[in-house]
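Okay, here's what each chain looks like letter by letter:
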Amino acid sequence: MNILRTFGSFIADSGRLVLKGGRLYYAWVAFLLVLILLGAWAYTGQLHTGLIATHMRDQVSWGFYIGNFTFLVGIAAASIMLVIPAYVYDWEPIKEITILGEMLAISALVMCLGFVLVDIGRPDRFWHIMPFVGHLNWPSSLLAWDVLVLNSYLLLNAFVVTYLLYCAYTEKHYVKKLVLPLVLFSIPLAVSIHTVTAYLYNGLAARPFWNSAILAPKFLASAFCSGPAILLILLQILRKTTKLRIQDEAIFKVAELMAYTMGFNLFLTAAEAFKEFYSSTQHVVYMQYLYFGLKGHHTLVPFAWTSVACGLAAFILFLVPKTRRNWITLNIGCVLIYSSVYIEKGMGLIIPGFTPDTLGEIYVYRPSLTEVMVAGGIFAIGFLVFTILLKAAVPMMLGEFTITKGRNNTPTKSGAGTK
Amino acid sequence: MSTEQDPQPQPSSCEGGCDVSRRVFLGAAVATVAGALTGCDHISEAEFLQRNFRELSKQEVKDVIARLEQEYKEKFGRDVYVGNEPPIPGVIFAYALDLSRCVGCRRCVYACVKENNQSRDPQIQWIRVLQMDKEEGVNLEHDTAYYDPPEVPAEGHFYMPTACQQCKKPPCVKVCPVGATWREKDGIVVVDYNWCIGCRYCMAACPYGARHFNWGEPHLPADELNPHTHYLGNRPRYKGVVEKCTFCIQRTRNGRYPACVEICPTGSRKFGNILDPTSEIRMVLEHKRVFKFKEDLDTQPNFFYFYGV
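Protein sequence lines, in the order shown, are assigned to chains A and B. Quick note on numbering that gives the first Met the number 0: the first sequence kicks off at 0 and runs consecutively. Quick note on numbering that gives the first Met the number 0: the second sequence kicks off at 0 and runs consecutively.
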């Protein structure tokens, strides 16, 4: 009972931390709420008219939503990039930021599930896909696998983060025997969420652009540079705005790892391009549409080359120690990587898979305003989740705010009504 | 946005009915919320809680069909028969299409729409006729479905109608996350329109562009409705679900030809029981030059193309 009561006050205090903030914080949250409202409004419209409010059609039956979903699965998977060295090699400087990685994973997964939800035609039948309640076509359907691994990964991360924060809050050291196996388990699980998502496309013989064995490794490589790119920028902001101490060394180390993964990602892209263009079978049309345009349609071409150029530039910036250790070029590199992978894993993956369609038709897809607004709303939800998690977590991680500290007066046992 | 809170629609072990009333209440509440959220006019509790068609008992199927007939009557103001004829033992349907005869008139496309109650607005068509270059042969880089010459066949072209190939190894069935689509014993791949969640994974998996999605609310004028329907076939569909050719299951399981076979003015379309050695389809398969569309994918269609002359 005592634990329940303490946990209750943990939740209540977290709520209090989230609700109290500076003007900048309130402005940021308000901005996100506005985006969420706009997204909700657009989504209501989509529910009313059906998915015809998007620009997806039979020829291109997945678009912006699923593109964002795929990209965000990568972000969620990338948190292990930080967990591996921290726990396996017991590398101290990076250890404190793994919990940030896990919170990023939670936020990314919330967005992933959001994008899947807005993409399905009958969200009211959502229960059909739930194991035991509905009828999950497992193990045959890769989407069934994806449902399982994504939710397991979400639950695992949510549990570890809550537990670590709760320990910090109650001023107890966490039980290593409990946390270490869970964190170690999250490593294969993170690999699996991205592998399963890659297989989801990979397994479709009808779509030669995806039906390539290189897809899953490429997913992992690109995820392991784009995920940390977001974290690196975030760590610098947190260093400035809170008392959280993150050593330069940790940041540079992550940046170095990113250089290798980006290099590998570019290599895989080149390998795929070589195979398609040199052998030049009928399957080349999809990559041709992406990089050079097909039959007068060039919509994706500028994006495709922007992605390649950004990736190459970032690779060089992160590879050269001088530019890696320079804050300006480091941050430029992060933005470049983010842009490169966002194009490549989003629209650059989904659209050419469908264009030309299975009967040779070219339908030029561009997201509709509804799609952009709904996507904006989902991103805002993700950012809001992340903001709230950070707002509560940082003071606890720093030991500034615990069950005994951080308030004007000493707390009562129930934790309710203290202010 | 959580409709996950729905009750377990399993037969309850609680005999006293204590749980039942609560479940009914919850079901109604969730159905109302779900209806409001999806912008559907209304989703009845029974519709919301309906299970996968293959899991229904005989009595439940009867109830579902009675409910659907009632719903359609209210919607269209006409009596609609929703059949549930099972596969005929000893029958596997197959189709063969004579590429040397087809002139690309597309009468089959519209006969199909009329027979199978597809949405007229937005338009959904299960058959897609591809115009191809004679010089190129069957080549999807040199085809168009949007041809409009004053007269068909156009000089230098031939025509290849496509629809669901009713694969023996259907990729669409393999990928469906909820088992809303399956291959029946007579070889017809069907969709349970009341179980499909509209994820469209099957559309990504189908190599033949055979699956079509109800992007908007399907509009079907009441006077154009074909009231003779089948649960797994041409009964009116819903917004947000996938549909496809069913070899006119409502006809063929009652011994009739599919509408496209009947309408074809050139006799290009052959249909029958592949297990019957005396059938026309067997004659075609045994004596003509036959090929399967995208044979390298090994989907093993029960739909064949041949050159009759």
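The hints are simulated quantities; they were obtained by calculation from the structure and are not laboratory data. One or more hints might be untrue.
Straight-line C-alpha distance at most 25 Å; calculated DSS-like pairs for lysine-lysine [said to hold, decoys possible]:
1. B:K74 / A:K274
2. B:K173 / B:K293
3. A:K239 / A:K321
4. A:K294 / B:K184
5. A:K252 / A:K239
6. B:K184 / B:K74
7. B:K57 / B:K168
8. B:K133 / A:K294
So these bits of chain B aren't anywhere near chain A, every CB distance computed over 12 Å [unchecked claim]:
9. N51
10. G103
11. D142
12. P276
13. E285
C-beta atoms are modelled at their ideal positions from N, C-alpha and C, and glycine is treated no differently.
Hint check:
1. B:K74 / A:K274: violated (55 Å)
2. B:K173 / B:K293: holds (18 Å)
3. A:K239 / A:K321: Within the cut-off at roughly 23 Å; holds.
4. A:K294 / B:K184: Status violated; Cα separation ~43 Å.
5. A:K252 / A:K239: Measuring from Cα to Cα gives roughly 20 Å; hence the hint holds.
6. B:K184 / B:K74: Cα-Cα ~32 Å, so violated.
7. B:K57 / B:K168: violated (28 Å)
8. B:K133 / A:K294: Given pair K133 of chain B, K294 of chain A holds - Cα atoms ~20 Å apart, limit 25 Å.
9. N51: At about 5 Å from chain A, N51 of chain B fails to clear the 12 Å cut-off, so the statement is violated.
10. G103: Non-interface label stands for G103 of chain B: nearest chain A Cβ at 15 Å, farther than 12 Å.
11. D142: Check fails; 5 Å does not lie beyond 12 Å.
12. P276: Fine: 33 Å to the nearest Cβ keeps P276 of chain B off the interface.
13. E285: Per Cβ check, E285 of chain B is outside 12 Å of chain A; nearest 29 Å; holds.
Hint compliance for this structure: hints 1, 4, 6, 7, 9, 11 are broken, all remaining hints hold.
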